[in-house]
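Colleague: Protein chains in written order, with our numbering: chain D, 1 to 381; chain H, 1 to 294; chain A, 1 to 299.
The set of hints was computed from the structure by calculation and includes no laboratory data. The beta carbon of each residue, even a glycine, is placed where N, CA and C say it ideally should be. Any given hint could be a false lead.
Take a look, some chain D residues computed to stay more than 10 Å from chain A by CB distance [stated by the list, open to error]:
1) E88
2) P105
3) K124
4) A128
5) G249
6) A267
7) Q315
8) T323
9) Q343
Pairwise CB distance ranges (calculated) [what the hints assert, rightly or not]:
10) R203/A x V33/H: 39 to 47 Å
11) P54/D x V96/A: 53 to 61 Å
12) G185/A x S179/D: 16 to 24 Å
13) I104/A x R151/H: 45 to 53 Å
14) D91/D x S275/A: 51 to 59 Å
15) W280/H x A351/D: 55 to 63 Å
16) S275/A x A128/D: 47 to 55 Å
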Amino acid sequence: MHATISAADLRLAQAPVETSVSVRDLKIAYGALTVLDSLSLDVAKGEFLVLLGPSGCGKSTLLNAVAGLMDITDGEVWISGRNVTWAEPKDRGIGMVFQSYALYPRMTVAENMSFGLRIARLSKAEIAERVDRAAKLLHLTPLLNRRPAELSGGQRQRVAIGRALVRNVDVFLFDEPLSNLDAQLRAELRIEIKKLHQSLGNTMIYVTHDQIEAMTLADRIAVMKGGVVQQLAPPQEIYNRPANRFVAGFIGSPAMTFLNGALKGRAVDLGAGVTVPLDGYAFAEPARASGPAVLGVRPEHVALLPAGAGGAVAQGRFAATGTVRMIEPTGADMTLWTEIAGQPLTIRAPADLSIRVGDAIGFALDLTRASLFDADTGARL
Amino acid sequence: MRPRRTSATGTLALLPVWAVVIVAYLGTIAWTVVISFTASKSLPVYEFVGLAQYERLFRTSRWLVSVENILIFGSLFIGTCLVVGFLLAVALDQRIRAEGAFRTIYLYPYSMSFIVTGLVWQWIMNPALGVQATVRGWGLEGFTFDWAANRDMAIYAVAVAGVWQASGLVMAILLAGLRGIDQDLWKATKVDGIPTWRVYASIVLPLLKPMIVTAVVLLSVAVVKAYDLVVALTRGGPGIASEVPAKFVMDNLFERSNIALATAASTVMLVSVLAALAPWLYAEYIRASGARAA
Amino acid sequence: MTAPSASAVVARGARPRTITAGRIGLYVFLAVSALYVLTPLYVMVVTSLKSMEEIRLGGIFALPAAPTVAPWVEAWSTACTGLTCDGIQVGFWNSVAILVPSVILSVLAGAINGYALSFWRPRGANVLFTLLLLGAFIPVQVFIYPLVRISAVLGVYGTLPNIVAIHIIFGLPITTLLFRNYYAGVPVELFKAARVDGAGFWRIFLQVMLPMSTPIVIVACILQVTGIWNDFILGLVFAGRDNLPMTVQLNNVVNTTTGERPYNVHMAATILTASVPLLVYFVSGRWFVRGIAAGAVKG
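So that you can see chain D by itself, here it is in the shape it has in the complex:
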């Protein structure tokens, strides 16, 4: 997988009939400030794509550009095989759900859902049928005559989803739809959205800064930073083979440990006399042989060794010892802080181990699942 996605790669990689949404060389700038620059992205029909990134990374801008709610400086947007770059939002065949619900406050639930259909002058029977169907799907039927103010947050967001649903469109756009809800509701609605996608099969583009939402919902995740797609891949690949140091650090909790060192052939010298052989590591081609490098190890990929196990570890693992500096229990697990070669290292361990601060421990890094980055560019080696 590449650190940045070139337009040509993606366009060639997917047959045009399957492509639902295609963004080509998109540029968005406000005066001198360029938010997105030559960004290209194809979304397959029926795919659930999550745009993930910290605030200000351009993910919402991209979604708004797809919706036609933002002036495009340059580039094209195609939806369902049509160039909609200059089309009105209503003519793009999209439905959209917003973070703040954006329900019309003086309209009932039914009126909120049917507003667009009434503007499009659909027949009364057709409107009633569509609203009814969406309400059933979202368990909103008893609430149809309520005003938004009389609904809970979760109900409001379901109405907002219903408003997108009744449009019978191919593409749904979600702009951080769950960010205003509390944790429990968020989990519930996340499952509802997933079910909805499974039963409807629509294309969905979903913006969030929550990695759990991204990992659970997405067919593919586009991790964004500074207006650039850092990596576009299925969740497992993003997790296991992050394309660069930013993606590696952004995904995963507790965060990946980064150990500074120097690449020496097929090993990393972490300094202080610690050299880690990278036998089981899958190098990107062409493999580099030297230079400053950063070894990334996820806390869950460091195993504690039983006391007295010595250096006998399996192939692709590297054993070391250290002193526990801090312990943070998180319920099922606990997070340990120790160090290797004088650099801090995080370990995720079962909560039932009786380890205390100051204890000496032995541990093994799983190098088959580690990541190695160029210290200067941050790109995966």
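Since the structure of chain D is provided, determine the placement of chains H and A on it from the hints.
Modeller: Below, chains H and A alone, put in the same frame as chain D:
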């Protein structure tokens, strides 16, 4: 093709406002400035005389008195309104009983016309029948409260009436500001044992700065526009003792057929206001609204 | 914090149970201030209910010995304003005739402007808004003479449409500001949702924004009703002899009197003139304050 939110309908809908701004604001300002450089008397004539009207203006004692008066009135009016308004706001913020009633009372003068205020105070300061006569009737023979009719005190009379009308405004603005202060801040100062007056002086006042600025701007606008109040209370008198620039302009425009002199005076007013406003307008509106992203 | 605080600086803290000297001083200050603020109103009312004989005896604070409504009747129907003696009622009805169209049109225009500026952000929106604000701060003396000339050329000078148009022109800044600030608090996502639903400029305004604008419409109406009713200078210059508003008539009644001045009639006329904004204020105090705050808070 330029699409989207910059819709044609939106631009069309604002055309009338553009017309108002360009014709009624900018156009009239330009016209006023142009006339001030002419020798116009009762009708505009475009015989340009350079800065002659401005030189004449600053030789006119009525104008000089007006300027002096507006400075006295302005500083007294704004200063007293701020102090009184702040004290009232702080007093009202002490969990008092009948707060709503007090607030309503303090603010009611602000709802009335300056004409009404002027006429009431003219009556109260009437030396023959007003407060002065009444108090003398109680036996205090030396009591004097004839400011509206007293050459030396007339402009102070205007200030008294103005303060009476506008203190409530400051109270309302600052009270809203006080209510917006985080209650945890008060708790923190209690825990730290900081005396109340010190909290107001060192913590609350700086927090109220935006409201104070707002109040000062609103009061300043009232000062520069001061016309109705003077007309109703003293008619600029006795003599020219309480003349103000706004009245000077109106008199020269509509009674004395000196439109070039009047427009020179209003141009001076315009420049003063713009000079005072420019930094504030920039900070409050341009920067703020530019920051609101799409 | 368990002990009730005696100084009670925390407005919503525990209710103080002890009465301290400070508390008494506080109430004395509040009461004296209230008395001072109320005195002119009291003087107006008692004076308007006295006969001139009683007024000449002095005692501006004294309650009327023999209350009479004759001054009120005279002020309303026969007081002389310059040459005519039809009372202040003429001005009252003139003010109503000016007020109704001016308020409706200026509030409507402000709503459309604020909406267009907030959501559609057309080119030059910031420039336009800044220039509008200037209109609110620049003294009217700067505009007034050219406006008189323009009105004269258009042949409307001194007519009802003239004064209404002038009130709209000078009302635009504040009404636009009010609505712009109000709409700035409306999530822009609501506008986006309506766009996705296919609504255009006017439909979003009429069906989405206006229905949720009731509070700010009330505030704007209150501000404009009191502002236009209390106007003096614009009415004086533009309304024309037949449409002079009540404030101008009142000033004429009081300040053009020759001979002995009937103070009781003057005070009755003054109260009558102040009654409309006072009524608005006492009925809608909360909204009135909100208007001050809304107009004052930055956008």
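Colleague: What hint numbers does the structure not satisfy?
Modeller: 1, 2
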